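K.L.:
Using the sequences and the hints, build the whole thing.
Anchor point for the sequence shown: position 744 equals 744 in UniProt numbering, and the numbering is continuous, going up by one each time.
Hints are computed from structural coordinates only; laboratory data are not their basis. This one's a predicted model, so the numbers in the text were calculated from it and none came from an experiment. Even for Gly, the Cβ is constructed at its ideal location relative to N, Cα and C. Treat each hint with caution, since some may be false.
[Stated by the list, open to error] Derived EDC-like pairs (lysine to aspartate or glutamate); straight-line CA-CA distance at most 20 Å: (1) Lys414 x Asp437; (2) Lys469 x Glu509; (3) Lys518 x Asp314; (4) Lys195 x Asp183; (5) Lys494 x Glu467; (6) Lys190 x Glu178; (7) Lys636 x Glu666; (8) Lys414 x Asp323; (9) Lys195 x Asp168; (10) Lys317 x Glu278; (11) Lys190 x Glu237; (12) Lys246 x Asp183; (13) Lys530 x Glu547; (14) Lys636 x Asp584; (15) Lys560 x Asp545; (16) Lys636 x Asp660; (17) Lys156 x Glu260; (18) Lys250 x Glu237; (19) Lys247 x Asp183; (20) Lys635 x Glu624; (21) Lys367 x Asp323; (22) Lys635 x Asp584; (23) Lys560 x Asp546; (24) Lys530 x Asp545; (25) Lys156 x Glu18; (26) Lys469 x Asp481; (27) Lys193 x Glu205; (28) Lys635 x Glu666; (29) Lys317 x Glu256; (30) Lys195 x Glu256.
[To be verified] Computed Cβ-Cβ distance ranges for the label pairs, DEER-style: (31) Ala357 x Gly746: 31 to 41 Å; (32) Val662 x Gly520: 22 to 32 Å; (33) Asp508 x Pro550: 47 to 57 Å.
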Amino acid sequence: MIQTVLDTESDLMLLTPEEISVLLAFQRLSANAQDLFVFLLIHPTWHRLPSLRLVEIPWGDLSCTISELARPLELAVAEFDCEDEVKPELASVKTEETPIDISSLPLPTKQEPLQHELPCKPEPVLDTIPGPSDADVKSEDVDTAAGPSALFPSHKPAPLPSSLCITDAGMTLRQLLEYMGPDEQRVIGKDLKIKPGKKKTDLIESILTFSSGQRTLEGYFGKGKAKAGTEKGNSQEARLRAMIMKKLEKLVRVNEEVFEIFRRVHIIYFRSTQFPIEIIPRPLRHLQRSYPEYIPTRRAEIWPHRAMLLEYEDALKADAVFDGVLPSPVAQDAQSPKGKLKGKTRAVDEEDDDAKAKERKAAALRKARATKTLFDEVFCRWSAHLGIKKQSAAAPTGLDRLEPGYALTRVLHKGVKALKALKKRRAEADVYEVLLDQRFWCSGLRGAWHIRKTAIHASRIKAHSGEGKNAIDASSGGIRDPATRLVYRHTLIKNLVRLQKRLQVPEDEQVSIPEASKVGKVVIEAVRVKTKDPKKNCNLWLTQDDEAVPIDTLVWQHYKEAGFPSISAGSCFFTTLFTLLFWDIIFMPVDGAFDTRFQTGPLDLCADTFRPSRASAINQRVSEIEAGGAAHYLKKHDAQYRPARPCAVGVRWDLCATQDLVGIVECVPPGPLALMCRMFCEDYAGACMGAPDLVAWDADASGGAEYKFVHIKGPGYPSRANQKAWRDVLARGGAEQEVCEVVERGKRKGKGKKKGEVDSDSEEDSGSEAEQEEDEEDELAESQDSQTQSQASASGSKKRARDSDDEDAYQPTRKRKKTGS
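P.N.:
And the structure:
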């Protein structure tokens, strides 16, 4: 990794001479020291010598290895062969960074001026602009608005770190005591004859007070008693340190400055689109795996200079702050006071509940205000980068995901929800208007922005007569937008139809919506078994043979008895099918897709740049699948790659047999197959969640091939937004699907029939049109930002909130009643 960065990125001067010296110092370490240093990079915390001995890695003499890592870097650099190696490399690196001249760049312009408040308003500016300052922001003031701040500090060349790793030699007594366990602290206190306190901090304070305040009788008599007292105090601290180190033996950790340097190298090498909390991926079993064949196309000119790299790194940090991965600079302002409320009577309990509710509202309001403060900083920075983007040459398709503006656009998408919480509806609409006005970054979120903009206008129809037309225009614009994804397009169409009915638009002017196929529903009654093991989160159900099985197995047996001989799990089945149908397109050479070794898929697979960078090939393959050519590509790629079983993204060779894949492709019509492939191409991460749980088919049925996509629903498990999106897309494609609901025997509600038919979007028919869709849109949009984040559950408000831009009160959204599928 280090050598690749030094070889390919050295001409761009992304690293300073001091940072390169750190990398060269690592390369000159002994093999044992390199192994230990990599271990400390993967686990960047304090490590005790006994715990390191338990790790099954041959490090040799640990004490000598640690001493090598703790050696001053100045001595290591002085021993480099400056004439042959170091000087030529360092001479090409400028010691001074070239900053981005943001002050000379104009803010993004629009054809029409904004009518409401924004943190950094695009020109022309008519109103006062709240944000980091209350003054009007002009073009010459952009360097102040978009300059150093809590989220975006100024970067100055850092000196050479002291050493690669640091030991306990520089730790204070307090730090050593805090690192010890409670039992070890009590032993130290017992040896010093200190009475242990109730809290850990009390015992530490007592030990520190004892070590700094104890004096002997000689310290109070004779000449130089002050000097004697100081010497005795130092001797007590030395004695306490010796007692602590006798138990700890030795501590070591990677130097934080060195860790930041290697984090920067990690971003450069792996082209990270998320802020890396852990660097240097844990060792892969690459020698035990077979990887797909692809042509590496590493491109060096990702970041033209160091200043742009640092801007990108700060943008990733800001994204991590909004995700809650990193602490926020204003987190303390948003924290609620700690304390437990204990009630003894019903009246007191009700008072406590009211107090807790008020405190939750106040905490939510503080959090929203703190988020808005960060949002203002990000918006100003984003506006400056938008000006840079408009003036610079167009980047190759697919590489814009590695630009600072791309990461900042994701941050704006998350932070604009603070305006929603603060009921700044008009300002929120203006932010979405500015986001939709640019087409450089995050095109995959445009559908979500159109939906939310429509919801804002629809929520203000009663208060403002002209908002009805604005809502229809916003929804129509989203439908006409070519970048709107499939899952968002159907939601926009539904919203438009509802708005037209609500506003009584003449029928000849209404937009017609194609009829969706019906989604069947079947209910299975069974006895639920309560598990005694708290670690098992799944419920078990009794079959007819009194066997306790998970809910998936129970449904699988039901469809076996219904006459479907072939059944497969849904999620891995769909991902395997998509990869085999698009194998040659997924692994085709594209800039920024295959920059490292041992990749299971392209780096941009989960980004919204995947489809635009391969648009012609994807559109042609989808057309061929619609024409019935899916089986050809499936058989071709399966026969070519199944013998070697390479570790390809989404493919489960062990669970998906060839005959099962071919059977479902031959049973399912081409239309639904093409829609499924489009979903994966548009949003791979989102499509991997919410897919049908089972696929049942019978290729030899008497009336012709039969198949069903089965969505399993258990008690207490409401349908998520991704599941609804899959169900709606498949229904409008004419696919045969069924919702299988498992209920506990004897507790079934209602007197309906076991089998019936429901509309694909019946779950969304209750509640207000604008607000029920906006929460589902939030959940859909969050699913593509990161694969490791959990989705927020869809909830809505029965009462439509009126526009209250001047209101300072915050009221959380109330949950609506859940309806059946």
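K.L.:
Run every hint past the structure and note whether it holds.
P.N.:
We went through each hint and held it up to the structure:
no.	hint	verdict
1	Lys414 x Asp437	holds (18 Å)
2	Lys469 x Glu509	holds (13 Å)
3	Lys518 x Asp314	violated (49 Å)
4	Lys195 x Asp183	holds (14 Å)
5	Lys494 x Glu467	holds (18 Å)
6	Lys190 x Glu178	holds (17 Å)
7	Lys636 x Glu666	holds (15 Å)
8	Lys414 x Asp323	holds (8 Å)
9	Lys195 x Asp168	violated (27 Å)
10	Lys317 x Glu278	holds (13 Å)
11	Lys190 x Glu237	holds (16 Å)
12	Lys246 x Asp183	holds (15 Å)
13	Lys530 x Glu547	holds (13 Å)
14	Lys636 x Asp584	holds (11 Å)
15	Lys560 x Asp545	holds (15 Å)
16	Lys636 x Asp660	holds (15 Å)
17	Lys156 x Glu260	holds (14 Å)
18	Lys250 x Glu237	holds (18 Å)
19	Lys247 x Asp183	holds (11 Å)
20	Lys635 x Glu624	holds (15 Å)
21	Lys367 x Asp323	holds (13 Å)
22	Lys635 x Asp584	holds (13 Å)
23	Lys560 x Asp546	holds (17 Å)
24	Lys530 x Asp545	holds (17 Å)
25	Lys156 x Glu18	holds (12 Å)
26	Lys469 x Asp481	holds (18 Å)
27	Lys193 x Glu205	holds (14 Å)
28	Lys635 x Glu666	holds (12 Å)
29	Lys317 x Glu256	holds (16 Å)
30	Lys195 x Glu256	violated (36 Å)
31	Ala357 x Gly746: 31 to 41 Å	holds (36 Å)
32	Val662 x Gly520: 22 to 32 Å	holds (25 Å)
33	Asp508 x Pro550: 47 to 57 Å	holds (53 Å)
Checked against the numbered hints listed earlier, the structure breaks hints 3, 9, 30; every other hint is satisfied.
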